[in-house]
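Student: Single-letter residue listing:
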Amino acid sequence: MNRNLALHLAVIAALYILHLTLPAYHHGQVARIMVLAVFAMGYNILFGYSGLLSLGHAMFFAAGMYGMGLSAQHLGFATLPAFLIGILCATALAFVVGLLALRTIGVGFMIVTLMFAQAGYLTILYFGEYTRGDEGFVLTNTARNFGNLDFSTADTRYLAALCLFSGALLLKLLIVRSKRGRVMVAVRENEERARMLGYNTWSTKLYALTLSGLFSGASGASYAILFGYVGASFAAVPYSIFPLLWVLVGGAGTTLGPVIGTAFMFYLIDYASGVTDAYMLVVGVTLVLITLFVPGGILGLVKSRFARWIP
Amino acid sequence: MLKLSGINAGYGKNQVLFELDLSVDKGEVLCVMGRNGAGKTTAMKTIMGLIQPNSGQVEFEKRKISKLAPHTIPKLGIGYIPQGRRLFSELTVAENIEIGLMTRKKGKATRDKVLDMFPRLGERLKQRADTLSGGEQQQLATARALCLEPSVLLLDEPTEGLQPSMTALIRETVLTLKGEGVGIILVEQREDAVRAVADRVAFIENGRNAATHTIEELTEDPSPFRKHVGI
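Residue numbers (this note's numbering), protein chains in the order written: chain A, -14 to 296; chain B, 63 to 293.
Check the hints yourself; a few may be wrong.
What the hints assert, rightly or not - With a straight-line Cα cutoff of 25 Å, these simulated BS3-like cross-link-like pairs (lysine-lysine) come out: (1) B:Lys88 <-> B:Lys129; (2) B:Lys137 <-> B:Lys170; (3) B:Lys75 <-> B:Lys137; (4) B:Lys137 <-> B:Lys65; (5) B:Lys240 <-> B:Lys170; (6) B:Lys137 <-> B:Lys88; (7) B:Lys137 <-> A:Lys164; (8) A:Lys288 <-> B:Lys88; (9) B:Lys188 <-> B:Lys175; (10) B:Lys129 <-> A:Lys164; (11) B:Lys65 <-> B:Lys126; (12) B:Lys137 <-> B:Lys240; (13) B:Lys170 <-> A:Lys164; (14) B:Lys188 <-> A:Lys164; (15) B:Lys240 <-> B:Lys65.
I should point out that these hints are in silico values taken from the structure, not numbers from a laboratory.
All chains should be built: construct the whole structure from the sequences, respecting the hints.
Tutor: Right, here's the structure in full:
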């Protein structure tokens, strides 16, 4: 077993140990962090590895969430098929958005993805009869069961989140270590040069965006099942910014950076909000300091100083 | 083998090349010389499809290629090493070479061949590209392009800023490739480098063909170097 795989398996093992030892509050928080870390991993495939900065990733998270929630709530699908429908919706949406948005680059791409996400958000509000607009809806218990597993219980929820997280983490490791993953990095580093070596850089970017949508959708669909709520706030602008911040803080272009970034941001907000009402100021200042002094993110710093081998 | 005829090209409304003609045959080294801004790099980019000519044709092995998508041109067997090397700096030496090999599905034999040409790279396979010296980076850029096993290779000022030993290695590589039948277009500013490898020299002035001479003609009368390049 190589050390990269060993490191990732160790992280998964550590999270399992936390399941056995954490108090109830943190147990729930870590489950939430694991699900949202999958969203951040998806964002990282696009931003960290392929160099495309999207400002509209909330639409993929929401597509997974609403794909799952609406098919369970209104079409009567069982949990697993509804979950798969959620992933399929997000993946298909990412592919279609990619076909159009990847005709632009740089700031143009950022604006187009932001506009698509806003259109998605407004669509959710417009079809309030089904989506219940801003208010959202709570999933019925039947939509949160699979066989004997009841995802509304703390233990099952944590272990399901861990399964999702582990699968996503190992899949992402496989993707970024694959030949196609290296081509994604090549495109990020120098798109013109990659083209001059015979690579269709547009299709590589479309591949990255579609994969990113798949991860984001899996995260959104899981969030709906594990936490039982589907709401328009998950399709709004902040949920497009969060994964960007999680990835930047943790370390873009690293497999574990988004996990660290998500956990760090979660607990920073958690801790700061217990100390002061101006907790967003604390968060903002921390982000500015990290951007100024640790531009490669937390794991980026560790990687450059101590362990360049970390993927 | 590779022929440009009557190329008019540029950037938006700024035309840089005017009715430019160039050609290179199998096993021939054509050096392209001209002052800064003469249009040498623009000509290379036009061959590679990065700039679409307004008129004129680029033909490779009698096939018109000027309308092809840029990423398909290297697959035909045209390699390009741009000015400034442009490596994938976060990837290792081995990964940079692998990226070169994957396009035309070349395998271990090609990899071994390029590493034989540049043994220094073999000692640094796990090193990140951005930690190599300038000379090693040029070797890696050349090795990566050679992984495509091109039948025509375009080199844009490959010896710029290199120490003499590295310059000699690059020249030696050009001559080896020429011996293997690879057609080479070499953009170069240095007269000594040109004399060492060229069969013909095309001088470009303000995007136009100024003159083309064989190296024998230039040995007899070197005045075109002064006239067109100011050496």
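Student: Could you run down the list of hints and mark each one as holding or not?
Tutor: Now for the hints, and whether the structure bears them out:
no., hint, verdict
1, B:Lys88 <-> B:Lys129, "holds (23 Å)"
2, B:Lys137 <-> B:Lys170, "holds (18 Å)"
3, B:Lys75 <-> B:Lys137, "violated (30 Å)"
4, B:Lys137 <-> B:Lys65, "holds (17 Å)"
5, B:Lys240 <-> B:Lys170, "holds (22 Å)"
6, B:Lys137 <-> B:Lys88, "holds (18 Å)"
7, B:Lys137 <-> A:Lys164, "holds (18 Å)"
8, A:Lys288 <-> B:Lys88, "violated (47 Å)"
9, B:Lys188 <-> B:Lys175, "holds (18 Å)"
10, B:Lys129 <-> A:Lys164, "violated (29 Å)"
11, B:Lys65 <-> B:Lys126, "holds (9 Å)"
12, B:Lys137 <-> B:Lys240, "holds (20 Å)"
13, B:Lys170 <-> A:Lys164, "holds (15 Å)"
14, B:Lys188 <-> A:Lys164, "holds (16 Å)"
15, B:Lys240 <-> B:Lys65, "holds (18 Å)"
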